[in-house]
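Using the sequences and the hints, build the whole thing.
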Amino acid sequence: MLGMNWNEMTMIATAAFGLEGVVAGELRRLGMRNVTAGMGGARFTADAEGAMLCNLRLRTADRVLLLLSEQTCRTFDELFRQVRAIAWEELLPWDARINVSGKCARSQLMSVRDCQAITKKAIIERLRAATGARSFPETGTAFPIDVSLHGDVARITLDFSGEALNRRGYRTWNGEAPLRETLAAALVELSPWRPGMRLYDPCCGTGTLLIEAAFRAGHRAPGMNRPFACEQYPFFPEQTADALRAQVRAEYEPDRICGIAGSDIDPEAIELARRHVRQAGLEGRIDLRVAPLQELQLEGEPGVFLCNPPYGERLGDRRSCEKLYGELRRLKARHPGWSLCAISSDPAFERAYGKRADKKRRLYNGRLECEFLIYR
1 MLGMNWNEMT MIATAAFGLE GVVAGELRRL GMRNVTAGMG GARFTADAEG AMLCNLRLRT
61 ADRVLLLLSE QTCRTFDELF RQVRAIAWEE LLPWDARINV SGKCARSQLM SVRDCQAITK
121 KAIIERLRAA TGARSFPETG TAFPIDVSLH GDVARITLDF SGEALNRRGY RTWNGEAPLR
181 ETLAAALVEL SPWRPGMRLY DPCCGTGTLL IEAAFRAGHR APGMNRPFAC EQYPFFPEQT
241 ADALRAQVRA EYEPDRICGI AGSDIDPEAI ELARRHVRQA GLEGRIDLRV APLQELQLEG
301 EPGVFLCNPP YGERLGDRRS CEKLYGELRR LKARHPGWSL CAISSDPAFE RAYGKRADKK
361 RRLYNGRLEC EFLIYR
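Terminal number for the sequence shown in our numbering: 376, no gaps in between.
Treat each hint with caution, since some may be false.
Keeping only pairs whose Cα atoms sit at most 25 Å apart, straight-line, the calculated DSS-like set for lysine-lysine is [as the list claims (entries may be wrong)]:
#	residue 1	residue 2
1	K360	K332
2	K355	K332
3	K355	K323
4	K359	K332
5	K120	K103
6	K323	K360
7	K121	K103
8	K359	K323
Derived Cβ-Cβ restraints for the label pairs, each shown as a range [what the hints assert, rightly or not]:
#	residue 1	residue 2	range
9	W94	Q247	31 to 41 Å
10	T45	P336	42 to 52 Å
11	R29	S69	22 to 32 Å
Everything labelled a hint here was simulated from the structure, so no lab data went into it. Owing to the predicted nature of the structure, the values given are computational and were not obtained by experimental measurement. Note that the Cβ used here is the ideal one computed from N, Cα and C, for glycine as well.
Given below as structure tokens:
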């Protein structure tokens with residue numbers, strides 16, 4: 001790579017397994033070009049403005065990365081030459097902190113530590129040749145660089161997000177088995193619920209599903225109130241970041257948030273949910289209460305029940321979980337016209353519920369393989 005084209009950067013929005021297509025759909029709606037979903041995320045083409053917009057607006061992606069190089073690599077010498085060919089002098093200032101992470105899967109180069117060391121050595125040698133500097137203090141801005149080897153292909157990327165995109169900033173306390181914000185946003189997206197409809201979570205825990213639905217209803221960019229790594233890069237236009245942040249704040253319409261509510265049998269979980277709702281700036285817009293599932297009876301227009309009920313892995317009590325799944329079916333039976341959606345890692349969910357789902361999708365909650373089940 002002899003030079004960077006800042007108007008046609010190849011980017012990668014990484015995603016949890018099963019969510020690649022959801023992320024690709026988000027990218028297309030944001031107007032990104034050349035979007036293609038693949039294992040672990042979706043690729044697209046963007047300029048600096050598009051990259052920043054993705055950081056601000058993507059709900060289901062984990063990170064936004066700049067793809068610097070990708071090619072066949074079978075030896076450490078080939079890796080060194082690949083990394084050295086990148087125009088690092090256009091990316092890194094002389095005092096950059098060069099933080100190299102790495103991972104290897106089914107590669108001939110299985111030593112992650114060696115790959116990291118070779119990558120950093122190649123970067124330093126390129127900078128020395130290009131700038132004439134002999135030493136680099138690494139006291140300035142951090143640049144998270146990743147070298148990823150899968151099979152015979154090495155991919156070099158620069159992280160534009162910094163902290164993972166699920167770190168929205170509103171969740172500072174975790175209850176039992178918390179649901180990651182990006183997965184919660186994906187469940188909202190994959191459910192039949194749409195803004196303007198009623199949404200109720202009968203097992204709401206600390207409120208993540210409800211908050212992500214409220215963000216979507218109010219057209220609130222999930223990254224609106226947090227910084228991103230790319231904003232510190234000297235090549236990244238500061239005015240672009242400031243203008244886009246002001247734009248998404250102006251587009252936020254909290255008055256559009258209505259009909260979103262939830263309950264849980266655990267008073268401590270509801271207290272945490274109220275704290276999270278308050279930290280998300282949604283106080284008074286999401287109704288929360290302590291209520292056992294079997295006593296729930298909602299009046300008014302039908303909507304969607306969306307929940308992350310306990311799994312057997314979490315409680316260590318499969319019988320109580322299966323009883324709860326049966327209660328979910330009775331809840332739906334008490335509410336004609338409502339849909340019910342639940343994510344579960346328990347293969348006995350449908351049997352305990354008493355009916356096969358109308359639609360299922362395989363997803364991962366952390367390392368747990370799960371199914372997202374929809375009963376219309």
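> Holds or violated: are the alpha carbons of K355 and K332 at most 25 Å from each other?
Replying inline: holds (12 Å)
> Has the hinted range 31 to 41 Å been met by the Cβ atoms of W94 and Q247?
Replying inline: At 34 Å between Cβs, range holds.
>> Would the hint linking K359 and K332 be met if the CA-CA limit is 25 Å?
In response: holds (16 Å)
> Hey, K120 versus K103, does the alpha-carbon distance stay inside 25 Å?
Replying inline: Answer holds: K120 to K103 is near 14 Å, not above 25 Å.
> Hey, K359 versus K323, does the alpha-carbon distance stay inside 25 Å?
Replying inline: Roughly 22 Å separates the two Cα atoms, so the pair holds.
>> Tell me if the straight-line CA distance from K121 to K103 falls inside 25 Å.
In response: With Cα atoms ~17 Å apart, K121 and K103 stay inside 25 Å; holds.
> Is the Cα-Cα distance between K360 and K332 25 Å or less?
Replying inline: holds (17 Å)
>> Just to be careful, I want the Cα atoms of K323 and K360 compared with a cutoff of 25 Å; is the pair within it?
In response: holds (21 Å)
> Taking the CB of T45 and the CB of P336, does the distance hold inside 42 to 52 Å?
Replying inline: holds (48 Å)
> That 22 to 32 Å hint for R29 and S69 (C-beta), does it hold up?
Replying inline: Holds - the Cβ-Cβ distance for R29 and S69, about 29 Å, lies within 22 to 32 Å.
>> Checking one constraint from the list: CA of K355 to CA of K323, max 25 Å. Satisfied?
In response: With a Cα-Cα distance of about 14 Å, the restraint between K355 and K323 holds, given a limit of 25 Å.
Hint violations for this structure: none, all hints satisfied.
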